[in-house]
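Fit chain S to the given chain W structure using the hints.
Protein chains: 2
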Amino acid sequence: MNVSERISNVFASPIRKLSPYAAAAKAAGKKVYHLNIGQPDIQTPPAFLEAIRAFDDSVIAYGDSRGDARLLNAIQKYYHDWGMDFDINEITITAGGSEALLIAMMGVCDPGDEILVFEPFYANYLSFANVLGVNMKAVTTKAEKGYELPGEAAVEACITPRTKAILITNPGNPTGRVLTSDEMELVARVVKRHDLALIVDEVYREFVYGFPFRSFGVMPGLEDNLIVVDSLSKRYSACGARIGALLSHNADFNEQIMKYCQARLCCPELEQIGAAALYSTPRQYLADVNDEYRRRRDTLEKALSKLPGVTFSSPQGAFYTMIKMPVDSAEKFAIWMLEQFDSHGETVMFAPGDGFYLTPGLGTDEARLAYVLNCADLERAIAIIGEGLKAYPGAKIIA
Amino acid sequence: MNVSERISNVFASPIRKLSPYAAAAKAAGKKVYHLNIGQPDIQTPPAFLEAIRAFDDSVIAYGDSRGDARLLNAIQKYYHDWGMDFDINEITITAGGSEALLIAMMGVCDPGDEILVFEPFYANYLSFANVLGVNMKAVTTKAEKGYELPGEAAVEACITPRTKAILITNPGNPTGRVLTSDEMELVARVVKRHDLALIVDEVYREFVYGFPFRSFGVMPGLEDNLIVVDSLSKRYSACGARIGALLSHNADFNEQIMKYCQARLCCPELEQIGAAALYSTPRQYLADVNDEYRRRRDTLEKALSKLPGVTFSSPQGAFYTMIKMPVDSAEKFAIWMLEQFDSHGETVMFAPGDGFYLTPGLGTDEARLAYVLNCADLERAIAIIGEGLKAYPGAKIIA
Numbered sequence: 001m002n003v004s005e006r007i008s009n010v011f012a013s014p015i016r017k018l019s020p021y022a023a024a025a026k027a028a029g030k031k032v033y034h035l036n037i038g039q040p041d042i043q044t045p046p047a048f049l050e051a052i053r054a055f056d057d058s059v060i061a062y063g064d065s066r067g068d069a070r071l072l073n074a075i076q077k078y079y080h081d082w083g084m085d086f087d088i089n090e091i092t093i094t095a096g097g098s099e100a101l102l103i104a105m106m107g108v109c110d111p112g113d114e115i116l117v118f119e120p121f122y123a124n125y126l127s128f129a130n131v132l133g134v135n136m137k138a139v140t141t142k143a144e145k146g147y148e149l150p151g152e153a154a155v156e157a158c159i160t161p162r163t164k165a166i167l168i169t170n171p172g173n174p175t176g177r178v179l180t181s182d183e184m185e186l187v188a189r190v191v192k193r194h195d196l197a198l199i200v201d202e203v204y205r206e207f208v209y210g211f212p213f214r215s216f217g218v219m220p221g222l223e224d225n226l227i228v229v230d231s232l233s234k235r236y237s238a239c240g241a242r243i244g245a246l247l248s249h250n251a252d253f254n255e256q257i258m259k260y261c262q263a264r265l266c267c268p269e270l271e272q273i274g275a276a277a278l279y280s281t282p283r284q285y286l287a288d289v290n291d292e293y294r295r296r297r298d299t300l301e302k303a304l305s306k307l308p309g310v311t312f313s314s315p316q317g318a319f320y321t322m323i324k325m326p327v328d329s330a331e332k333f334a335i336w337m338l339e340q341f342d343s344h345g346e347t348v349m350f351a352p353g354d355g356f357y358l359t360p361g362l363g364t365d366e367a368r369l370a371y372v373l374n375c376a377d378l379e380r381a382i383a384i385i386g387e388g389l390k391a392y393p394g395a396k397i398i399a
Numbered sequence: 400m401n402v403s404e405r406i407s408n409v410f411a412s413p414i415r416k417l418s419p420y421a422a423a424a425k426a427a428g429k430k431v432y433h434l435n436i437g438q439p440d441i442q443t444p445p446a447f448l449e450a451i452r453a454f455d456d457s458v459i460a461y462g463d464s465r466g467d468a469r470l471l472n473a474i475q476k477y478y479h480d481w482g483m484d485f486d487i488n489e490i491t492i493t494a495g496g497s498e499a500l501l502i503a504m505m506g507v508c509d510p511g512d513e514i515l516v517f518e519p520f521y522a523n524y525l526s527f528a529n530v531l532g533v534n535m536k537a538v539t540t541k542a543e544k545g546y547e548l549p550g551e552a553a554v555e556a557c558i559t560p561r562t563k564a565i566l567i568t569n570p571g572n573p574t575g576r577v578l579t580s581d582e583m584e585l586v587a588r589v590v591k592r593h594d595l596a597l598i599v600d601e602v603y604r605e606f607v608y609g610f611p612f613r614s615f616g617v618m619p620g621l622e623d624n625l626i627v628v629d630s631l632s633k634r635y636s637a638c639g640a641r642i643g644a645l646l647s648h649n650a651d652f653n654e655q656i657m658k659y660c661q662a663r664l665c666c667p668e669l670e671q672i673g674a675a676a677l678y679s680t681p682r683q684y685l686a687d688v689n690d691e692y693r694r695r696r697d698t699l700e701k702a703l704s705k706l707p708g709v710t711f712s713s714p715q716g717a718f719y720t721m722i723k724m725p726v727d728s729a730e731k732f733a734i735w736m737l738e739q740f741d742s743h744g745e746t747v748m749f750a751p752g753d754g755f756y757l758t759p760g761l762g763t764d765e766a767r768l769a770y771v772l773n774c775a776d777l778e779r780a781i782a783i784i785g786e787g788l789k790a791y792p793g794a795k796i797i798a
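Top to bottom, those sequences are chains W and S.
For what it's worth, the numbering used here labels the leading residue of the first sequence as 1, then goes sequentially.
For what it's worth, the numbering used here labels the leading residue of the second sequence as 400, then goes sequentially.
One chain only, chain W, in its complex shape (with noise of 0.2 Å):
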């Protein structure tokens, strides 16, 4: 038998495809500091395991498709708190931020369909088009400009008729950076010319440093358009909970994805429990992570300003930055760094960039880096990085 050609072009998760280096890295006794995946250390809200536990149904059946009460509940008095007013039956529980994007893809568009994207992007959205036929279609930002959107007229020349959505992370992985207004404008006109789904991802929106997140959510004219994917993951660092969200006002993408839901019959009843738990964490928590993170930032800038050739744009918000190094392949170098090198047994694992690119060639020399350990052990991994580059034989020579 044959597999599919739809799966055969399933693009290797950048964030993931070179587990099995760090495996054998670990193997062979060596440290890795994991700056590939964003994967908090900070402590889940016991409250988490706390409601799990006092969990004592008999049977473990089948909960609702579109997610429990209490969860649903929970959801739409947070939304409430940030100014966005949702139905019950305007939020659908879904196995995590994945989930949802794969739902809202296939509820806007057909094989053959195309969804634009500002690139670099999270490398994952490629995925899950590429399993529905979709075609991505990306808009260009450039480091050297602060990864911020052209204008208008270069949005416009990627739409095509076959154009049904844009999507767009806001803070931006694997970026860091924050729309601005001016910026959520220009796309909400886009959108509303086109008639086109603008699909968000939010899901760091706890995550902005030093001023306040403007959600594509409060503005108005955009009911009818707007889908937006959450995720607990990364606010109540609870990654492998996989329990997300799809908020929408379009009663009909509504009523028509509830039917996918259906099928699919439910998200695991225990995670929403502890997820729905989570929701009742005092807002002080939120704030207090947002201080941690911010701080990493800091430590994370102080310590990339110290190697030399590494250029890389300030993140303002979500915990990722694209940084670009004198190398001749990014990838190469991050399988050097997990194969041949180590300081004083210790290496460190990052993203190669162009896994977040769609235009061949840009990224080589880029990667992304995940500020998800504390302060000291961040300034370790960078300056292991500034090693690995001196020590490098694929390393540009610094002048």
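For the record, the hints were derived by calculation from the structure and aren't laboratory data.
Cβ coordinates follow ideal geometry from the N, Cα and C atoms, glycine included.
A portion of the hints provided could be inaccurate.
[To be verified] Computed footprint of chain S on chain W; a stretch qualifies when at least three of its residues, placed anywhere within it, have a C-beta under 8 Å from a C-beta of chain S: (1) 13-20; (2) 49-58; (3) 92-105; (4) 136-147.
This is chain S only, laid out in the frame that chain W set:
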């Protein structure tokens, strides 16, 4: 914005689409016996919650995309005990059997490709095919012939150049039929002749009454073609855990689907911990549950045989049966039972049969019953259907 054609075309699940009527009936104070959904009332083995309660990591972190090692090892051993040996990298943990089906289909079919099924079939297959742009083609099996497979020529006649897979449920859902060895050989010949994928959904493997079950996984010569869909939902009465698995010896398939699995990151951590513990349940549990369902099957048959004009084929496995009723429309009757009828404040929900057929016009007077209630409730539920049939305005007169 417009929703996609693919999502518009998704068939509403016959198992869940009448849920709003059931909710209204309950809100009006009626007791509803649920024969519509395969939600067993059997206790989940306590090991599930015990293992989860013992979990004490401070961070609920992403797990491995293939699945947690403990669960993979447990499933490997379970299959070994069934005479099927899979390497760990030939097993992939999924979000229920549902995700296993979705991934199996995307792994072997491109948009426009075809999958052959035998109708009546598990209705949700169609939803997954719909969203992937895959076309289902059905070979009809007939109630009056006990849902036996038609001859090889009839199966061959449905194969086209776009056919990429045969998808078969054994034991059958919704029919409760278990394939004979001759039928399995027939299917294997067709699969090998055209080098198709053979996707076998054997989630009811433990529920065969009075004779041993033979898996496609022990048939020689299918190594390259076989994809086994599994789930612990029914096996351990843990439907809400949403833990399934995909198993295949085809190395290319396994490697390609892992890219998608990495994009969706991982399955829920706590449910995997509970699932691994379930596999340590003494085998006597499964034997006891088998005995219980056999009693229910016998109770169901006895109760159904008392209903004038109702015909059915004796189920040999799983916990479903299709019945034929003397009504104008099983769906109208189902809605009427929930909206208009009660017997001493009680009524019954079942799944209309046409949703389990692809061929228009088939199954309109049929229903799928899930015998997942205890014998007393089951007897009462069938008696209520009998009372309903006497009172239903759309009932046909039985001579």
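Evaluated hints:
Remark: the region 13-20 of chain W is confirmed as covered by chain S, as 4 of its residues place a Cβ nearer than 8 Å to a Cβ of that chain, reaching the required three. Counting residues of the region 49-58 of chain W whose beta-carbon sits less than 8 Å from any beta-carbon of chain S gives 6, enough to reach three: the coverage restraint holds. Remark: the region 92-105 of chain W is confirmed as covered by chain S, as 5 of its residues place a Cβ nearer than 8 Å to a Cβ of that chain, reaching the required three. Closer than 8 Å: that is the beta-carbon criterion, and the region 136-147 of chain W has 0 residues meeting it against chain S, so the requirement of 3 is violated.
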